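Given the structure of chain A, go ahead and fit chain B onto it with the hints provided.
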Amino acid sequence: MATDLNPSDPPFLSIRGLRKTYGQSVAIDGVSLDIREGEFMTFLGPSGSGKSTTLYITAGFQDPTEGTVQLAGKSLLNVPPNQRNIGMVFQRYTLFPHLSVAENVAFPLRVRGWDKTQTAERVKAMLKLVHLDQHGDRKPSQLSGGQQQRVAIARALAYNPPVLLMDEPLSALDKQLREEIQFELKRIHHDTGITILYVTHDQEEALRLSDRIAVFNQGRIEQVGTGAELYEHPATRFVAGFIGHSNFLPVKLEKRRGDVADIVLPDGRRLEGAPLRCDAANGSDASLMLRPDRLHLLHDAGTDTPSIPVRVTDLSYLGDTMQVHLATNWHQDIDIRLPLRPGATPDWQVGSMGHLAWVSAHSQVHAAA
Amino acid sequence: MLLDHDRLGLPLRLSLATIGAVVVLFLLAPIVFIALLSFGSSPWLIFPPPGWTLQWYREMWADPGWLEAMWHSTRVALVVTALSVGLGFITALALVRGSFKGRALLRGFFITPMVLPVVVLAVALYALCLKVGLTGTFTGFVIGHLVIALPFSVITLTNALEGYDFALEEAAMICGATPWQVKWRVTLPALRLSLFAAGVFSFLVSWDEVVVSIFMATPGMETLPVRIWSALRQDLSPVIAAVSTVLIGITLLFMLIAALFKKDDDHGH
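In order, the protein sequences belong to chains A and B. Per the working numbering, the very first residue in the first sequence carries number 79; after that it's consecutive. Per the working numbering, the very first residue in the second sequence carries number 364; after that it's consecutive.
Hints should not be assumed to be uniformly reliable.
[To be verified] Heads up, simulated DSS-like pairs for lysine-lysine below, C-alpha to C-alpha not over 25 Å straight-line:
hint : chain 1 : residue 1 : chain 2 : residue 2
1    : A       : K194      : B       : K546
2    : B       : K625      : A       : K217
3    : A       : K253      : A       : K264
4    : A       : K217      : A       : K194
5    : A       : K217      : B       : K626
6    : A       : K217      : B       : K546
[Stated by the list, open to error] Just some of the chain A residues that point at chain B, by a computed CB distance under 10 Å:
hint : residue
7    : F139
8    : Q161
9    : L243
[Claimed, not checked] Examples of chain A residues lying across from chain B (beta carbon under 8 Å, computed):
hint : residue
10   : P159
11   : N160
12   : I164
13   : F174
14   : P175
15   : P186
16   : R233
17   : Y237
18   : P240
Derived by calculation from the structure, the hints in this document are not laboratory data. Just so it is clear, the structure is predicted and the values come from calculations on it, not from any experiment. Yeah, the Cβ is synthetic: ideal placement off N, Cα and C, and Gly gets one too.
Excised from the complex, chain A in its bound form (with noise of 0.2 Å):
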């Protein structure tokens, strides 16, 4: 994987200022990013944050109302579709239905006018490549949707493109299949080193797959960074809310120390040098987010750590963890997961009453909702 690239390297692929309105509306707007060779980068978001749009400005389908793409120093504006040499995966099945599967990858190098038998070989290579070199004289429709992704990713990898955009091509699968294409995409991502743009909607499937995830939000990237420093350090509510689950409990922003603040909790318990990430002002409106799988659930309350009463309202058996919801006494719902031991009977049922303890340092102030 392309994991330890030089952050000093020249960017290969470069967004600037991007902003496209439609009318009254404004679909992106300031979305600038760098993408580096060989980089594995997911636009994450949910539908109409404006992920999908710079992806397609960027293969040139839409134009932008401000803003620049350059690819390796070069702009791409101006330069149309079908001059930009990039691949593209589409989210619906996209192979030309008159064409065998072997004739759908060997067409972007007939309309590049490759000769006959060096695009036999390069068509024989790319099949190989997706595990489908046994199925060269179907039809797309004698395959399985799956099977026809590959062959969208075969065809647009044919002419060796610098970039290789994807705009949610697994959205249509199951979740077994899509699982299992993902590690073929992350093999062909090895095997080729090809940039990757990626869309998805799927946080899952951008930890999955990404060396960084870029995350859209209301037209905008709210942050970009690798899916560990995405879910460690969130840098807006919204990235903090949106990537793993979170509980936020609205709290009062009582006094900022740098990096910390003390905040006061609903039911008037104060808490001292929470993680500050946000820049409200003293005496505003804050929320405390905790992660469900960073809390505790104790019987007696913590004297080191902070705790608050609850009562449990909820348990579900996943398997590996225990879901558990909780009421505190300002009468919120709280989420938590705790794992699960094997033979060991949890000793939580509906209506026991219990503490809730987290680690300071595992908790985030932000901005309130």
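What follows is chain B alone, placed relative to chain A:
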């Protein structure tokens, strides 16, 4: 399924089969009847024929009037087919891909010739062509038939385009194809079945057209159905049966080609 054929019971299944056979017989009988008469030796169209002969086909072949009418019909039908498919495709593109106001209304408008009584259309076309001096001309026939054939193309091709994923064109373009290559190597081949169907419909509509043609025809320029019609009014000769059989034969040939074409395409699926 509720109406599963296997669960209907023998009496019901038998009666269904009988009804089916009667309907087929009812539909096919006149065609078989005319074909048999065309080979019959009786000049008075006696059925069943007392003997068999090819005499009426020889007479048809010897009469330049029939051959000329056939030639006119073929020429008109071919030109109508080309225009109908071409214009129909452009129209369908605009109706499906365009985003202008009144699209639905325009779509309805393109189908009106199908809904309007043909005789009204014929009178209107006749009046117009008379005014500009197009009656009895090749152009007049083409215009008249095109008005009737075009809705078939528009309907067939709008349906086809609605089922066609335009993301295919984006995929082709990002693969490096120029806009012309995209249309030529992806869009048209992907739609070829529907284009062919539109062509067959258009050809048959023009080939069989009687009402508009009767108004449009002059002794110097008439199509095959018009000549059959006027010949029938003079005398009932078995030659007409022979000509009709040829007309049916060519129609069937077209249907057969269409069916084979479709089967060949399905084979790949």
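These are the hints, each one checked on the structure:
| no. | hint | in the structure |
| --- | --- | --- |
| 1 | A:K194 to B:K546 | 23 Å, holds |
| 2 | B:K625 to A:K217 | 16 Å, holds |
| 3 | A:K253 to A:K264 | 17 Å, holds |
| 4 | A:K217 to A:K194 | 20 Å, holds |
| 5 | A:K217 to B:K626 | 15 Å, holds |
| 6 | A:K217 to B:K546 | 20 Å, holds |
| 7 | F139 | 6 Å, holds |
| 8 | Q161 | 8 Å, holds |
| 9 | L243 | 8 Å, holds |
| 10 | P159 | 5 Å, holds |
| 11 | N160 | 5 Å, holds |
| 12 | I164 | 6 Å, holds |
| 13 | F174 | 6 Å, holds |
| 14 | P175 | 6 Å, holds |
| 15 | P186 | 4 Å, holds |
| 16 | R233 | 7 Å, holds |
| 17 | Y237 | 7 Å, holds |
| 18 | P240 | 13 Å, violated |
Checked against the numbered hints given earlier, the structure breaks only hint 18 and satisfies all the rest.
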